[in-house]
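As given, the protein sequences belong to chains A and B, one line each in that order. Under this note's numbering, the letters of the first sequence match residues 1 to 87, in that order. Under this note's numbering, the letters of the second sequence match residues 1 to 232, in that order.
Away from chain A, derived, C-beta distances all over 12 Å, residues of chain B:
#, residue
1, C112
2, D159
3, V163
4, E209
Under 10 Å between C-beta atoms, here's a sample of chain B residues computed to sit facing chain A:
#, residue
5, R64
6, Q99
7, R106
8, C146
9, F148
10, A149
11, D150
12, I153
13, G182
Because the hints were derived from the structure by calculation, they are not lab data. Quick reminder that beta carbons are idealized off the backbone N, C-alpha and C, glycines included.
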Amino acid sequence: MKYQARIFVTLRPSVLDPAGTAVQSALKQMDYHVDSVRIGKYVEIILDALDEAEASQKLNETCDKLLANPVIENYRFELAVIEEPKS
Amino acid sequence: MKFGILVFPGSNCDRDVASVTSGILKQPTRLIWHTDTDISDCDVIVVPGGFSYGDYLRCGAIARFAPVMRSLQEHATKGKYILGICNGFQILTESGLLQGALVRNRDLHFICDRAPLRVERDDLAFTQKYQKQQVITLPIAHGEGCYFADADILKELEDNNQVVFRYCDAIGNINDEANPNGSLENIAGICNKQGNVIGMMPHPERAAESILGGTDGKALFEGLVESLLVNA
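Could you build all of it, start to finish, from the sequences and the hints given here?
What follows is the structure, given as structure tokens:
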């Protein structure tokens, strides 16, 4: 099965996000008053896996090891089947 | 005794370090390409500053998986010395050799300046030529130098006396005004529990000869040479 994963890496709430704060103040100057802005990363990965469980396991490993730094970041992902195996 | 200096694609302070260890201190020094895996001939490994792998994803995140890094872990386990400077500090935190992380500077600017630092320990090989509480001035040059760790890790660092350098004012006061990048507890450099691995954002190698405007960094390298000679 071919899956597409949409991975969202976000700063942990305790980590300051000066870039988010700068964007918030720019929005304020544009007269958009928002409560908070936090900037994260979005990663798309396409991978082969037997089933959703295997795909999730692989993705958790890649996120834990490389895509996110657990000291400062959290992550979550969404999985979608993009290609059924040819029978 | 031999210094080894890791070189990743994008490292740019490797030769600066070599000019201190080889040029000024006349110690055997070799540059180690990131694909090399035998570093057993080296007593001190310096992980230099720069922008390894373009700082893609996070600073140091990709360098951490370079082939040489497994050997670096072994080097640390053996109790041999490792000095991470700037991007090298980021690589050491990403690889778990040091705790915490370096994130975007508080005020978003890339800072290129000279920063006064208070030396918090003088009992390490790296700092034995300084005095505790001495104020030294070293260049800093980073965009992601804001030290972050959660409360538990911070407490552990303080309890174990692992903070080696803090940003301070000209007379050694630690406060927000003297904190260039928002680092928690004004932390500029830390070591591991054993004291053989140290990471710091300031650049001692850029302050080792007076023609460069300062020599406060030279003593760090001299301390290393001295302790290796004693133990040889």
